[in-house]
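As given, the protein sequences belong to chains A and B, one line each in that order.
So for the first sequence, UniProt numbering puts the first residue at 1; every next one is plus one.
So for the second sequence, UniProt numbering puts the first residue at 1; every next one is plus one.
No lab work stands behind these hints: they were computed from the structure.
Ideal Cβ positions, reconstructed from N, Cα and C, are used throughout, including at glycine.
Treat the hints with care, since some could be wrong.
Looking from chain A toward chain B, a few residues come up when the C-beta cut is under 10 Å (computed) [unchecked claim]:
no.: 1; residue: L30
no.: 2; residue: V41
no.: 3; residue: A48
no.: 4; residue: M50
no.: 5; residue: L59
no.: 6; residue: A158
no.: 7; residue: L173
no.: 8; residue: I174
no.: 9; residue: K176
no.: 10; residue: I178
no.: 11; residue: D182
no.: 12; residue: T190
no.: 13; residue: D280
no.: 14; residue: Q311
no.: 15; residue: T331
Listed next, with one range per pair, are the computed distances between beta-carbon atoms [said to hold, decoys possible]:
no.: 16; chain 1: A; residue 1: D182; chain 2: B; residue 2: Q113; range: 32 to 40 Å
no.: 17; chain 1: B; residue 1: R146; chain 2: A; residue 2: M31; range: 29 to 37 Å
no.: 18; chain 1: B; residue 1: R146; chain 2: A; residue 2: W249; range: 55 to 63 Å
no.: 19; chain 1: A; residue 1: N28; chain 2: B; residue 2: L244; range: 13 to 21 Å
no.: 20; chain 1: A; residue 1: F155; chain 2: B; residue 2: R146; range: 32 to 40 Å
One-letter residues, chain by chain:
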Amino acid sequence: MTDTMRTHGAPARGPSAAAAAVTTGSANALMRLTDPPMRAVQRLIGAARMPYIFLLPNLLFFGLFVFLPIGINIVFSVTGGTGLFPSERPYVGAEHYARLLDCGSYLEAGSCREDLFWRGVGNTLTFTVFQMVAMVLFSLITALVLNRPIRGRGFFRAVYFFPVLLSPVVVALIWKWILQRDGLLNAVLTTAGGEKILFFVDPGWAMFWAVFVSVWAHMGFYTLILLAGLQAIPRDVYEAAEMDGTRPWRVFHRITLPLLWPNLLVVLVLVLIRSVQVFDEVFVLTGGGPGTATMMVVQYIYTTAFANQVQNFGLAGAASVLLGAVLFVLTLIQLFLTRRRAS
Amino acid sequence: MTGKLRRLLLARRGGASWHWTDVASYAYLALGVLLMFGPVLWLALSSFKTPAALLEFPPSLLPMAQSEVSVPGYPQPLPLFQVTMEDGSVRELAQVRRVGIVAQMVDPAAPGQTIRVPADRRTPVRHMALAVENYTDPLTQFDFLRFLRNSLVVTVVATIITLIINSMAAYALSVYEFRGKSVAMLGVIGTLMIPITIILAPVYLVVTKLGFVDSLWAVILPGAATPTGVFLLRQYMLTIPRDLIEAARMDKASEWRIYARIVMPLSMPALAVLAIFSVMWRWNEFLWPLAVLTKTEVHTLPIALNAFQGELQTQWHYLLAMTVVTLLPVALVFAFLQRFITSGIANTGMK
Numbered sequence: 001m002t003d004t005m006r007t008h009g010a011p012a013r014g015p016s017a018a019a020a021a022v023t024t025g026s027a028n029a030l031m032r033l034t035d036p037p038m039r040a041v042q043r044l045i046g047a048a049r050m051p052y053i054f055l056l057p058n059l060l061f062f063g064l065f066v067f068l069p070i071g072i073n074i075v076f077s078v079t080g081g082t083g084l085f086p087s088e089r090p091y092v093g094a095e096h097y098a099r100l101l102d103c104g105s106y107l108e109a110g111s112c113r114e115d116l117f118w119r120g121v122g123n124t125l126t127f128t129v130f131q132m133v134a135m136v137l138f139s140l141i142t143a144l145v146l147n148r149p150i151r152g153r154g155f156f157r158a159v160y161f162f163p164v165l166l167s168p169v170v171v172a173l174i175w176k177w178i179l180q181r182d183g184l185l186n187a188v189l190t191t192a193g194g195e196k197i198l199f200f201v202d203p204g205w206a207m208f209w210a211v212f213v214s215v216w217a218h219m220g221f222y223t224l225i226l227l228a229g230l231q232a233i234p235r236d237v238y239e240a241a242e243m244d245g246t247r248p249w250r251v252f253h254r255i256t257l258p259l260l261w262p263n264l265l266v267v268l269v270l271v272l273i274r275s276v277q278v279f280d281e282v283f284v285l286t287g288g289g290p291g292t293a294t295m296m297v298v299q300y301i302y303t304t305a306f307a308n309q310v311q312n313f314g315l316a317g318a319a320s321v322l323l324g325a326v327l328f329v330l331t332l333i334q335l336f337l338t339r340r341r342a343s
Numbered sequence: 001m002t003g004k005l006r007r008l009l010l011a012r013r014g015g016a017s018w019h020w021t022d023v024a025s026y027a028y029l030a031l032g033v034l035l036m037f038g039p040v041l042w043l044a045l046s047s048f049k050t051p052a053a054l055l056e057f058p059p060s061l062l063p064m065a066q067s068e069v070s071v072p073g074y075p076q077p078l079p080l081f082q083v084t085m086e087d088g089s090v091r092e093l094a095q096v097r098r099v100g101i102v103a104q105m106v107d108p109a110a111p112g113q114t115i116r117v118p119a120d121r122r123t124p125v126r127h128m129a130l131a132v133e134n135y136t137d138p139l140t141q142f143d144f145l146r147f148l149r150n151s152l153v154v155t156v157v158a159t160i161i162t163l164i165i166n167s168m169a170a171y172a173l174s175v176y177e178f179r180g181k182s183v184a185m186l187g188v189i190g191t192l193m194i195p196i197t198i199i200l201a202p203v204y205l206v207v208t209k210l211g212f213v214d215s216l217w218a219v220i221l222p223g224a225a226t227p228t229g230v231f232l233l234r235q236y237m238l239t240i241p242r243d244l245i246e247a248a249r250m251d252k253a254s255e256w257r258i259y260a261r262i263v264m265p266l267s268m269p270a271l272a273v274l275a276i277f278s279v280m281w282r283w284n285e286f287l288w289p290l291a292v293l294t295k296t297e298v299h300t301l302p303i304a305l306n307a308f309q310g311e312l313q314t315q316w317h318y319l320l321a322m323t324v325v326t327l328l329p330v331a332l333v334f335a336f337l338q339r340f341i342t343s344g345i346a347n348t349g350m351k
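The following block holds chain A by itself, in its conformation from the complex (with noise of 0.2 Å):
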């Protein structure tokens, strides 16, 4: 989603030849069309105030569809009933911010009063601390396995890459499939001498799965951008390294992990900052449940606004406002680290 902060080179310019021969039929009628109005226009306000209308479509949809909804957001967290539109909104001042943070102790989601939040809370910095670490950890491994002299690379990388394109109701669908009571797991656990296990039941299993699903779909990305950064390390260091005799284990703590540091940490926030926003896979694998055990703070806010039978916008912004506030932080240090690692 992010990162297009680095300055290294655009992708190679390819089979641009062909695919412009085809399209140059419609592209002349499209011309015709279009630049008498646009030559005007360009007459009218002069060459050099051209690159505003150029801009003028892409901040038209910015401005209408992310900054104006911030705005909103705002006054929606400080205004109270159940309207949609602000004028219909009686103003309460930070009353929803108070319900969200009104708790006997932060530790016990049971004492607060919007104990749903807390406990949206407490799931996602759970499954974000454990997929942080299997993410970080499978990705890396398998870049270095995929950086060795191996057979059929392409493919071994394309295996672990395609799930990042699936949808992500395919994914969840697919592992609820073989996690089901008769599933497959089951069938090969009982096959093995094992008992039936009831996954989604068991608050612990449903949380392991959501986790190992989103690493099991996700994790092809950041193995890539590893293996990128893996095969930017210069081959005559490992040359020299091998010419000393240093111990394989050596080579990887003194070489490979401070030259793959920037990238490391580039996948680490970027996984902060996917995993603080986790929905999509968890919400269809296993609905939030059982009871709230997998239920995170988008699906709160989601529920919160939309799906409960009071659309509640006021206190879905406010917890929209303070999940954004963390977002903003995370945002900003990947930029800062990205910034850094291009220069």
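Position chain B relative to chain A; hints supplied.
Below, chain B alone, put in the same frame as chain A:
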């Protein structure tokens, strides 16, 4: 021959000999193939099973169905069993009915005589059978084609809009120097920090005001301008030689013509990468459509699948088949454009 094969299989790049780390690497990769491909393969195999076969435990690997045979004198086809007779011989018999622990069987070759055998002496005769109706039924019984069409419309229209407006912005930010350029850049970067997850309700309000609720435009428009798209294209456009643009200006080409006839064709590779990403984003998008598309007629495939898994709890056979259909276009795109996608991601670090 075997020597050659052995050499082919065991040779390492660089001709060095095998080390335990090589074995470990290949073992890890083999496990990876099983873990990554296995579930998808299992989904595909399961999607061809009949509801009865899906209920079996432990499940069979391939889609199997019990063989049936029509026997003269019986209106319905009868299920076929393999029966171990008392003398130890094995015969294939059709079952007429089962009463408690005794089954009444009939030999298809000699239908006149019923044979009574203990029920535990029979095992069903099975053959591979693909339940294609799992795929064809949803087409007629549910609005599956409509969901497919909705997903296609959203994906195609949104990708076209994304390509046009993002390339225009990227062109402005890469070719020109103008007042407010850094502010515009900051604005684009700023949107990186605001994922749709935290502005669901207000975007819903905007979409309502614009009158797009429960139309596909509600899904198409809000994500059309993407900061990643702008940056990807801008990065690429920066590498286009300035002389080309200056020469066109000398020839009195309008700024619009330079954008459309020079910069756009030259940016084809970057546009292709963005197009692929946009298709993936849109085809898979879930949370926002879930919030904004409440009417069934406008559901896209992921939303329809999610709704089905609630409603069709017992109808896994349809659900699995529809999941395969949702997965298929992505699998095809990936099969053909794998190199493009992976190098695009490795180069930009975006997804």
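How the hints compare with the structure:
1. L30: holds, 7 Å
2. V41: holds, 8 Å
3. A48: Since chain B brings a Cβ to about 7 Å from A48/A, closer than 10 Å, the hint holds.
4. M50: holds, 4 Å
5. L59: OK, holds: L59/A within 10 Å of chain B, min 7 Å.
6. A158: Result: holds, 5 Å to nearest chain B Cβ.
7. L173: Constraint on L173/A satisfied, holds at 5 Å.
8. I174: Status holds, d = 5 Å.
9. K176: holds, 8 Å
10. I178: holds, 6 Å
11. D182: holds, 4 Å
12. T190: Hint on T190/A: holds, closest Cβ of chain B at ~7 Å, below 10 Å.
13. D280: Since chain B brings a Cβ to about 5 Å from D280/A, closer than 10 Å, the hint holds.
14. Q311: holds, 8 Å
15. T331: holds, 4 Å
16. D182/A with Q113/B: 32 to 40 Å: holds, 39 Å
17. R146/B with M31/A: 29 to 37 Å: holds, 36 Å
18. R146/B with W249/A: 55 to 63 Å: holds, 58 Å
19. N28/A with L244/B: 13 to 21 Å: This hint holds: roughly 20 Å between Cβ atoms.
20. F155/A with R146/B: 32 to 40 Å: Once the Cβ atoms are compared, 37 Å apart, the range 32 to 40 Å for R146/B and F155/A holds.
Taken one by one, the earlier hints all hold for this structure without exception.
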